[in-house]
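Chemist: In numbering that gives the first Met the number 0, the protein residues as written are 0 to 247.
No lab work stands behind these hints, which were simulated from the structure alone.
It is possible that some hints are incorrect.
What the hints assert, rightly or not - Simulated restraints on C-beta separations:
hint : residue 1 : residue 2 : range
1    : P151      : Q72       : 27 to 33 Å
2    : S26       : T114      : 22 to 28 Å
3    : V236      : N32       : 43 to 49 Å
The C-beta atom is built at its ideal place from N, Cα and C for all residues, glycine as well.
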Amino acid sequence: MSVDFSVVIPTYNGASHLPELLEQLRSQVCPENLSWEVIVVDNNSTDDTAQVVRDYQAKWRSDSPLKYILEKQQGAAFARQRGIEEARGKLIGCLDDDNLPTPNWVAAARTFGETHPQAGAYGSQIHGKFEVKPPEYIKSIGTYLAIIERGPKPRYYEPKQKMLPPGAGLVLRKQAWQQSVPKSLFLNHQGRGAGLASEDLEVVLHIQNAGWEIWYNPEMEIEHKIPPWRLEKDYLVSLVRCVGLSRQ
0 MSVDFSVVIP TYNGASHLPE LLEQLRSQVC PENLSWEVIV VDNNSTDDTA
50 QVVRDYQAKW RSDSPLKYIL EKQQGAAFAR QRGIEEARGK LIGCLDDDNL
100 PTPNWVAAAR TFGETHPQAG AYGSQIHGKF EVKPPEYIKS IGTYLAIIER
150 GPKPRYYEPK QKMLPPGAGL VLRKQAWQQS VPKSLFLNHQ GRGAGLASED
200 LEVVLHIQNA GWEIWYNPEM EIEHKIPPWR LEKDYLVSLV RCVGLSRQ
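Can you make the complete structure from the sequences, with help from the hints?
Modeler: Structure representation (structure tokens):
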């Protein structure tokens with residue numbers, strides 16, 4: 000049986016992050032006619048990720064099942080792909096374990112998908128939630144850290160502009176994924192490298208090249224938690240390099 004919307008959360012050693020995200024999802028404000036589910040894909044974690052999900056399953060809301068899946072093949076792309084394959088939703092929202100959606104995120108995502116049937120993927124408005132004060136230059140490279148604040152109106156990503164939304168807060172139309180995205184992706188990262196997000200851009204590029212529209216939807220808002228190590232020079236250099244590779 001299909002549902003309207005699936006939320007897929009790939010995570011590796013996310014026991015400390017998941018509770019805040021799951022609380023945000025548990026408190027989503029959704030219309031009664033919206034059927035949805037949440038899928039946590041544990042990418043072979045060595046911490047208490049599985050127990051955290053079990054604890055939340057015991058007290059979860061009745062209108063949206065919370066599912067746990069173990070994916071042993073290491074890599075963010077493998078975990079996300081497994082979640083999308085298991086998802087029953089026609090629309091699939093991708094959240095990382097360090098993303099915090101606003102209370103209407105699920106409802107806004109479903110509404111946009113229904114009113115934009117040619118949208119194969121669409122991204123959220125993303126605000127940075129820094130754990131330490133960031134240096135001034137971060138403002139000029141915020142998009143590389145998945146900080147996306149493109150204004151209050153929806154925006155269509157023109158293919159010629161070579162700009163695409165990041166994977167954090169991204170919604171995929173399952174039909175577009177099935178028709179466009181190959182089983183094996185060129186770019187796939189593990190551990191800290193999973194945060195480089197280049198495989199997310201590769202996925203969206205496949206969908207765009209297949210003729211689907213790509214959009215920015217400001218009604219879907221999330222906060223993206225950014226720890227100090229993501230402000231380190233070595234990480235930022237690798238990040239810019241990988242994003243560049245994904246656009247080749």
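Chemist: Mind listing which of the numbered hints don't hold for this structure, in increasing order?
Modeler: Going through the list in order, the structure violates hint 1 alone and respects the others.
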